[in-house]
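Undergrad: Each chain, letter by letter, is given below.
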Amino acid sequence: MAASLDKNNKGVASRILATAKSNPIVVLLVFVSIVVGFTTQNFFSWGNLGNLISNTAIRFLIALGVSGCLITKGTDLSAGRQVGLAACIAGVLIQRGDYTGRLYKSFPEMNMWIVLLIVLAIGAFIGFVNGWIISRLKVPPFITTLGTQTIVYGFCLVFTDAQPIGGFQQVYTKLITGRIGNVRGFYLPYLLFVALVFGALFWFIYNKTCHGKYMYAIGGNEVAAEVSGVNTKNTLLRIYIIAGVMYALAGYLLAAKSGGASASMGQGYELEAIAGCTIGGVSTTGGIGRVSGVLVGVLVFELLKIVLQFLGVNPYYNYVVQGLVIVVAVALDIRKYIAKK
Amino acid sequence: MSEYLLEMKDVSKAFPGVQALSHAQLQLKPGHVHALMGENGAGKSTLMKCMFGIYKMDEGQVFIDGQPVIIKDPIDALSKGIAMVHQELQPIPARTIGENIFLGRYPIKKLLRFIPTVDHDKMYKDTDALLKKVKLPFDSKQLVGSLSTSQMQLVEIAKAVSANCRVLILDEPTSSLTQNEVDSLFDIINDLKKDGVAIVYISHKMDEILKISDEVTIMRDGQYVGTWEASKLTTTSIITKMVGRELTNLFPKRENVPGEVVFEVKDFTSINPKSFRHVSFNIRKGEILGVGGLVGAQRTELMEGIFGIRSHVSGKVFLNGKELKISRPKDAIDHGVAMLTESRRTSGIMGVLSVADNISISSLNKYLDYKICINSSKVEALVQDNVHKMNIKTPSSKTLIQSLSGGNQQKVIIGRWLANDPDVLILDEPTRGIDVGAKYEIYCIIAELAKQGKSILMITSEMGELLGMSDRIMVMCDGRCSGFLEGSQATQQNVMELATKFE
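Those protein sequences? They're chains D and A, same order as listed. For the first sequence, the working numbering gives the first residue as 7, with consecutive numbering after it. For the second sequence, the working numbering gives the first residue as 1148, with consecutive numbering after it.
Hints are computed from structural coordinates only; laboratory data are not their basis. A portion of the hints provided could be inaccurate.
Unchecked claim - Here are the simulated SDA-like cross-link-like pairs (lysine to any residue), alpha carbons at most 25 Å apart as the crow flies: (1) Lys1525(A) to Thr215(D); (2) Lys1472(A) to Lys214(D); (3) Lys1469(A) to Lys1421(A); (4) Lys144(D) to Ile1456(A); (5) Lys111(D) to Leu122(D); (6) Lys1518(A) to His217(D); (7) Lys239(D) to Leu126(D); (8) Lys1598(A) to Thr1638(A); (9) Lys1358(A) to Gly1343(A); (10) Lys214(D) to Asp1568(A); (11) Lys1176(A) to Pro1221(A); (12) Lys144(D) to Ser1474(A); (13) Lys1421(A) to Phe1631(A); (14) Lys1545(A) to Leu122(D).
Said to hold, decoys possible - If you want the ones that stay clear, here's a sample from chain D, every Cβ over 12 Å from chain A, calculated: (15) Ala130; (16) Ile157; (17) Gly184; (18) Ile211; (19) Ser268; (20) Gly293; (21) Leu309.
Unchecked claim - Label pairs and their in silico Cβ distance ranges: (22) Gln315(D) to Thr1493(A): 13 to 21 Å; (23) Leu23(D) to Lys1540(A): 29 to 37 Å; (24) Lys1518(A) to Phe199(D): 26 to 34 Å; (25) Asn1512(A) to Ala127(D): 25 to 33 Å; (26) Lys1540(A) to Asn213(D): 43 to 51 Å; (27) Lys1358(A) to Asn213(D): 49 to 57 Å; (28) Asp1223(A) to Phe210(D): 32 to 40 Å; (29) Leu23(D) to Asn1512(A): 38 to 46 Å; (30) Gln1531(A) to Asn213(D): 18 to 26 Å.
Backbone N, C-alpha and C define an ideal beta-carbon position, used for all residues, glycine too.
Let's have the full structure, built from the sequences with the hints guiding it.
TA: Laid out in structure tokens, this is it:
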């Protein structure tokens, strides 16, 4: 009994070591954050943890959306702008009726759940357009979404007239920034549960449904998938629609979390999401990627931001460091495959 | 001075989990063609990649003219006079023949005496001279993408020749060549022999080996078996040495009894005027219909047309008397037609996915709970059943398919189709690039399927396979069906006559 337990422990230890070896960037960042934690004040605080969770939750939803595109060897550069558009639309529709700065005074005051449905429908539509162009017109995803990125931003500017949007209904901001429980000043933000629910949902889709298996098959070899009877066009279309819905959801939540929205919101989020996925082991050559990896990748990236903030690094340098981490992570990831030769 | 131009001694190379080579050796004489033979996975390509500097060997030495040398990488190999034509071609289709041939070593001229630029005139002039020397009727400014696969292969060979090498490695050079092209390749080889070039020739085609080579080295399981003079070997003795056992029967006994007609194709014509046209044929239940013809006879195109991968302008397909509308592979599959495509790598395997995923991909929708959730245990049972029935050699069902040998990959893909229980199974070159042992296993699977009443359409470019496995043979020539032969009456002679019946 004791012997088998010992053996088990060994198995776990060696597995942890193996995981650490294959994810050096994750290990490094965790190490750095521990060092920062012990050398600065308030890093290991409940407030900071709650902050990290809320930030990660929204980025995780975006990254989940983008992960399907990446696994099928595509990408989605329009993600960030779609988040921004969703935030602005949600913001405008959810403004209080008595708010003096209302953008569209003729609009009625709407229920926040109806607004959510509207925003998700618009997200699905943009995703459909992306997916349709990619799967039917065969325009490479990079180019397609480069185009729609600009188009979406343009519409967002027109819609908001480049004005910042505020004066949201309280019920909306309160609910989304709400939290539950109180253990020595630590609360669980509702956003955590949203992220968990969608993480579980995506795990189910990726591992237990035909759609998920077809997605990996397309990433592995699109021609072979097509020949095997996989409806590659509709699978791709679904992937981009799902992605669009996820960005819309993230935008809706982000507006509430920020307490305001503007056309510049979400800018660059697509790159963060892609970076998070890649750090989490979603392969840039297609066919590989797990939901748990996406979560780790996004978490690590958010952790990196907070660490930099605590270290008092000039915020302008943040971009430099984040960029370096992306390149190094991908370089290390690719080395795993090269080494096998 | 050594009698050998190049010698490899005691070469060992291990990959994670596999000892690919252990104490392999090879001796090449100048002006001789040295055939390197062995089943797939015997280590031939690995040994050549060690010689060419693509792999680093764990142990062993290389001698050139008796002097020990170390070959660091392919560039180093080329500078030492070793050139290689790879089994898998890597041309750049959107560039010209000249640019492909001189890739990496473009002739340079100095513009204004100091800006180095590519000397296009010299490059194309040299290419034309080279093409003339190896008797290829192409223009050096033609795009490589406009050539057929076999023509690209000849250009690759010309490229290797142009490197003025002393050792030339040809890894399965004839796998996609027509008989005429093989003959012109042999002319090139004979010219090189006269110049004292040592040639390593890897092939599975026995008749070619016996015709062109001077010596034969046989390998088995990464080990050196021996070297013999080609004139002292026969097909049977080579096969015996390769597999290490007597192979009494090349083909299994077939017990299938063809029944009534189940599948009919009428007047099938491609959207491309140069491709297949007005092809009609039928196949009976439990029948193996062999499809023969030269490379370029549009056999693959016809079958891909029927399967919905390519478009057709006219023609009808009937299954059990009912007309099928097929515009994409899914339609064909839904009606019980399956197709094993010609190229495993480009349209067969999904390399980074597991054996289990590769087997189950086209039948997943049959194993759903509540119409949405895949029942993992049923899928795993299906996979295990296939692994067992097909004798697929894999450590586990979760192993990535790309780490299996070609023969096992092929069995996985056949398993993928059988999981769908099709009535009509189209097999396009089912044993291409597969070793003798695995070939026999695949023949047994085909024979068993026919016995179960499945109708099998088998395209093959190997005459022995066509004659040995078919109940009936359809021969195609230049996009048309040029005739049918009963299996019992078919001979190499009358098949070739039909295959060359150009209009």
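Undergrad: Next step is simple, just say for each hint if it's right about the structure.
TA: Now for the hints, and whether the structure bears them out:
1. Only pairs whose Cα atoms come within 25 Å are accepted, and Lys1525(A) paired with Thr215(D) is accepted, the gap being roughly 14 Å.
2. Proximity of Lys1472(A) to Lys214(D) is assessed by CA-CA distance (about 31 Å); at most 25 Å being required, the pair is judged violated.
3. Between Lys1469(A) and Lys1421(A) the alpha-carbon distance is near 29 Å, which puts this suggested pair outside the 25 Å criterion.
4. With a CA separation close to 16 Å, the supplied pair Lys144(D) and Ile1456(A) stays within the 25 Å bound.
5. A C-alpha spacing of about 20 Å is found between Lys111(D) and Leu122(D), which places the hinted pair at or below 25 Å, so the restraint holds.
6. Among the hinted pairs, Lys1518(A) with His217(D) is consistent with the structure: their alpha-carbon atoms are about 12 Å apart, no more than 25 Å.
7. A distance of roughly 22 Å separates the Cα atoms of Lys239(D) and Leu126(D); the hinted pair therefore holds under the 25 Å criterion.
8. Only pairs whose Cα atoms come within 25 Å are accepted, and Lys1598(A) paired with Thr1638(A) is accepted, the gap being roughly 24 Å.
9. A distance of roughly 19 Å separates the Cα atoms of Lys1358(A) and Gly1343(A); the hinted pair therefore holds under the 25 Å criterion.
10. A threshold of 25 Å between alpha carbons decides the hint, and for Lys214(D) with Asp1568(A) the separation of about 23 Å falls inside it, so the pair holds.
11. Pair hint Lys1176(A) plus Pro1221(A) holds up; C-alpha atoms about 21 Å apart against a cutoff of 25 Å.
12. Between Lys144(D) and Ser1474(A), the direct Cα distance comes to roughly 18 Å. Compliance with the 25 Å bound is thereby established for this hinted pair.
13. Of the pairs offered as hints, the one joining Lys1421(A) and Phe1631(A) holds, with about 22 Å between alpha carbons and a cut-off of 25 Å not exceeded.
14. Taken as a hint, the Lys1545(A) and Leu122(D) pair is broken in the structure, with Cα atoms around 41 Å apart against an allowance of 25 Å.
15. Look at Ala130(D): its CB is around 19 Å from the nearest CB on chain A, clear of 12 Å, so calling it non-interface holds up.
16. No beta-carbon of chain A comes within 12 Å of the beta-carbon of Ile157(D); the shortest separation is about 30 Å.
17. Against chain A, the non-interface label of Gly184(D) holds: every CB pair exceeds 12 Å, the least being about 32 Å.
18. Ile211(D), annotated as away from the interface, has a beta carbon of chain A within 12 Å; the closest lies near 9 Å.
19. At roughly 40 Å, the least C-beta separation between Ser268(D) and chain A is larger than 12 Å, which holds for a residue marked as non-interface.
20. Against the 12 Å criterion, Gly293(D) falls within the reach of chain A, whose nearest CB is about 4 Å from its own CB.
21. Annotated as non-interface, Leu309(D) keeps its C-beta farther than 12 Å from every C-beta of chain A; the closest such distance is 29 Å.
22. In this structure the hint that Gln315(D) and Thr1493(A) lie 13 to 21 Å apart at CB is violated, the actual value being about 49 Å.
23. Between Leu23(D) and Lys1540(A) the beta carbon distance is about 30 Å. The supplied range of 29 to 37 Å therefore holds.
24. In this structure the hint that Lys1518(A) and Phe199(D) lie 26 to 34 Å apart at CB holds, the actual value being about 28 Å.
25. For the pair Asn1512(A) and Ala127(D), the supplied restraint of 25 to 33 Å holds, since their beta-carbon distance comes to about 28 Å.
26. Against the hinted window of 43 to 51 Å, the Cβ-Cβ separation of Lys1540(A) and Asn213(D) comes to about 27 Å, which falls outside the hint.
27. In this structure the supplied range 49 to 57 Å holds for Lys1358(A) paired with Asn213(D), their Cβ-Cβ distance being about 54 Å.
28. Checked against the given bound of 32 to 40 Å, the beta carbons of Asp1223(A) and Phe210(D), roughly 52 Å apart, lie outside it.
29. The hint said 38 to 46 Å for the Cβ distance between Leu23(D) and Asn1512(A), and at roughly 40 Å that hint holds.
30. A hinted range of 18 to 26 Å holds for the C-beta pair Gln1531(A) and Asn213(D), which are about 19 Å apart.
Checked against the numbered hints above, the structure breaks hints 2, 3, 14, 18, 20, 22, 26, 28 and satisfies the rest.
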